[in-house]
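Let's have the full structure, built from the sequences with the hints guiding it.
Which chain is which? The protein sequence lines are Z and Y, in order.
Residue numbering for the first sequence follows our numbering, starting at 1 and increasing by one per position.
Residue numbering for the second sequence follows our numbering, starting at 1 and increasing by one per position.
It is worth saying that the hints were derived from the structure and are not from the lab.
Every residue, glycine too, gets a C-beta built ideally from N, C-alpha and C.
Mixed in with the good hints, there may be bad ones.
[Claimed, not checked] With beta-carbon atoms standing in for the labels, derived distance ranges:
(1) Y:G219 <-> Z:D160: 23 to 31 Å
(2) Z:R5 <-> Y:L66: 55 to 63 Å
(3) Z:K124 <-> Y:R32: 42 to 50 Å
(4) Z:S119 <-> Y:L28: 36 to 44 Å
(5) Z:Q27 <-> Y:L200: 48 to 56 Å
(6) Z:R102 <-> Y:D185: 53 to 61 Å
(7) Y:L245 <-> Z:S119: 44 to 52 Å
(8) Z:L60 <-> Y:L21: 19 to 27 Å
(9) Z:R2 <-> Y:G17: 19 to 27 Å
(10) Z:R66 <-> Y:V43: 27 to 35 Å
[Stated by the list, open to error] Not everything, but these chain Z residues come out facing chain Y in the computed CB check (under 7 Å):
(11) Q69
(12) M74
(13) F76
(14) S78
(15) A80
(16) P94
(17) K97
(18) V100
(19) R102
(20) R178
[To be verified] Residues from chain Z that keep clear of chain Y, each with C-beta distances beyond 10 Å, as calculated:
(21) V6
(22) P18
(23) Q21
(24) T25
(25) A28
(26) T46
(27) G53
(28) V57
(29) R59
(30) M133
(31) A142
(32) P161
(33) E173
(34) A189
(35) P192
(36) A194
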Amino acid sequence: MRFGRVDALVDVTVSISPGEQVLVTGQAASGKTTWLKCLAGLQPPTSGHVRWGPDDVARLDLEERRRRQRSFGMVFQSDALFDSMSVLDNVMLPLTKRQVPRDEAVERARAVLDRVGLSAAHGKRPEELSGGMKKRVGVARAIVAQPSILLADDPFAGLDPSTERSIAELLLEVSRGRTLVTALPDPVASLPLARVLRFEQGRLGSVP
Amino acid sequence: MIRALGAFGLGVARLTGALALVLARTTLNLPRLDRRELFRSIVLFGYRSLPLALMAATLIGSTVVLQAGVYAVKFGARLYTGWAAGYALTREFGPLLLGLVMAARIGARNAAELALLNVNGQIEGLRGISLDPFRILVAPRVVGSAIAITCLGSVTFLVAVCFEAVSSYFSLGLPLRVFFDSYQDMLRVGDLVGGLTKTLAFGLAIALVSTVAGLRAKGGAVGVGQAAASAVVLSCAAIFSLDLLLTPFLTRLFG
Chain Z
1 MRFGRVDALV
11 DVTVSISPGE
21 QVLVTGQAAS
31 GKTTWLKCLA
41 GLQPPTSGHV
51 RWGPDDVARL
61 DLEERRRRQR
71 SFGMVFQSDA
81 LFDSMSVLDN
91 VMLPLTKRQV
101 PRDEAVERAR
111 AVLDRVGLSA
121 AHGKRPEELS
131 GGMKKRVGVA
141 RAIVAQPSIL
151 LADDPFAGLD
161 PSTERSIAEL
171 LLEVSRGRTL
181 VTALPDPVAS
191 LPLARVLRFE
201 QGRLGSVP
Chain Y
1 MIRALGAFGL
11 GVARLTGALA
21 LVLARTTLNL
31 PRLDRRELFR
41 SIVLFGYRSL
51 PLALMAATLI
61 GSTVVLQAGV
71 YAVKFGARLY
81 TGWAAGYALT
91 REFGPLLLGL
101 VMAARIGARN
111 AAELALLNVN
121 GQIEGLRGIS
131 LDPFRILVAP
141 RVVGSAIAIT
151 CLGSVTFLVA
161 VCFEAVSSYF
171 SLGLPLRVFF
181 DSYQDMLRVG
191 DLVGGLTKTL
201 AFGLAIALVS
211 TVAGLRAKGG
221 AVGVGQAAAS
231 AVVLSCAAIF
241 SLDLLLTPFL
251 TRLFG
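See below:
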């Protein structure tokens, strides 16, 4: 995977089984985020293949790729919430834009917000929330469409240790029965995932 | 020197390609635009720009008459002020000046908002939850701002002509009825259609240019500022270029 003259990912071969829980570590600009984006089909690799099951993502037509991308939920480092919408509307977004009836979308979004501990924040705007609460909204939005794979890109960025622990517990709780791939700069004790990968300058390194 | 020229040429080619891509994707998404975002864009870019457009209309209308009136009196053509001022406003000054004002108001705002959504990751966020940001966020803004600018143009022309009449009354002593008679007798539908065509073209140019500027933004607050500035500068350049191309074309078409 190249960006101009920079090799972002080189010789990376990873296979992830359904239900597996993977932690991807590495310093800034080591290729974690690019790899996650490739995995979700958001970034086509300049060479090589990304396969979802037996299928090469590059060979899927746009509609089929979009349909299969619905199996992915993503939690972003920057929250990626819309301040112009309420928390409830932000969480409903993946449902309303897919023509899920509004009543059903409201019901599902409320249930997910209750699950992540934000029962009282439905009507608030993201800008009124703390960093940890925003992260919870991001998790709620990522799981509201019931994806089978949850990707989290540096979900603890900018959080204090206690909030970090609570978000880690939340991730572990909502990822039960799902594949979870989390990218972090370093392993953390609060998120003990079974498999750990380490990226070093775009290559897969050894895990100490 | 050659390297600089090459880089400039590449930049122009990239920009043209990006504009064509945004136009094509917007056209493809027309049947399934996000209605809520379209409505929001029309309100944000159109309704909220109305005070500025009306103020511009008042000043443009009055200034055109004050300037044209000097020559109208000098050449004994006071009675034709209504037609001359109306023609100048409808075919040239109205669309051009409104376009420039809206490039600063709507172009900068659209570019800054999209740039902020881009650098803060919201656009990528939509893709991350397998939604198409172009259909949900970008296309409705392009269409909304083009509609808003065209509607503002129509209202602005109407108000500006009224202020031309008032200004003629006070500065040249021309009765309102005489002003509007000359306007009605000599101004043709083609002149109005020509003016609105220019307004629509300028509106579309502002929408496309500002969208491209916003989507290409990188790197935090500096990137957002650069996107807004580029949107205004490139929109103005696009407006002047389109004016140069459209004026002879519309003159041939409508006389």
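Here is how each hint holds up against the structure:
{"no.": "1", "hint": "Y:G219 <-> Z:D160: 23 to 31 Å", "verdict": "holds, 27 Å"}
{"no.": "2", "hint": "Z:R5 <-> Y:L66: 55 to 63 Å", "verdict": "holds, 59 Å"}
{"no.": "3", "hint": "Z:K124 <-> Y:R32: 42 to 50 Å", "verdict": "violated, 30 Å"}
{"no.": "4", "hint": "Z:S119 <-> Y:L28: 36 to 44 Å", "verdict": "holds, 41 Å"}
{"no.": "5", "hint": "Z:Q27 <-> Y:L200: 48 to 56 Å", "verdict": "holds, 52 Å"}
{"no.": "6", "hint": "Z:R102 <-> Y:D185: 53 to 61 Å", "verdict": "holds, 55 Å"}
{"no.": "7", "hint": "Y:L245 <-> Z:S119: 44 to 52 Å", "verdict": "violated, 59 Å"}
{"no.": "8", "hint": "Z:L60 <-> Y:L21: 19 to 27 Å", "verdict": "holds, 22 Å"}
{"no.": "9", "hint": "Z:R2 <-> Y:G17: 19 to 27 Å", "verdict": "holds, 20 Å"}
{"no.": "10", "hint": "Z:R66 <-> Y:V43: 27 to 35 Å", "verdict": "holds, 30 Å"}
{"no.": "11", "hint": "Q69", "verdict": "holds, 4 Å"}
{"no.": "12", "hint": "M74", "verdict": "holds, 3 Å"}
{"no.": "13", "hint": "F76", "verdict": "holds, 5 Å"}
{"no.": "14", "hint": "S78", "verdict": "holds, 4 Å"}
{"no.": "15", "hint": "A80", "verdict": "holds, 3 Å"}
{"no.": "16", "hint": "P94", "verdict": "holds, 4 Å"}
{"no.": "17", "hint": "K97", "verdict": "holds, 5 Å"}
{"no.": "18", "hint": "V100", "verdict": "violated, 12 Å"}
{"no.": "19", "hint": "R102", "verdict": "violated, 12 Å"}
{"no.": "20", "hint": "R178", "verdict": "violated, 15 Å"}
{"no.": "21", "hint": "V6", "verdict": "holds, 15 Å"}
{"no.": "22", "hint": "P18", "verdict": "holds, 18 Å"}
{"no.": "23", "hint": "Q21", "verdict": "holds, 19 Å"}
{"no.": "24", "hint": "T25", "verdict": "holds, 21 Å"}
{"no.": "25", "hint": "A28", "verdict": "holds, 15 Å"}
{"no.": "26", "hint": "T46", "verdict": "holds, 18 Å"}
{"no.": "27", "hint": "G53", "verdict": "holds, 17 Å"}
{"no.": "28", "hint": "V57", "verdict": "holds, 13 Å"}
{"no.": "29", "hint": "R59", "verdict": "holds, 18 Å"}
{"no.": "30", "hint": "M133", "verdict": "holds, 17 Å"}
{"no.": "31", "hint": "A142", "verdict": "violated, 7 Å"}
{"no.": "32", "hint": "P161", "verdict": "holds, 24 Å"}
{"no.": "33", "hint": "E173", "verdict": "holds, 20 Å"}
{"no.": "34", "hint": "A189", "verdict": "holds, 27 Å"}
{"no.": "35", "hint": "P192", "verdict": "holds, 25 Å"}
{"no.": "36", "hint": "A194", "verdict": "holds, 24 Å"}
Hint violations for this structure: numbers 3, 7, 18, 19, 20 and 31, all remaining hints satisfied.
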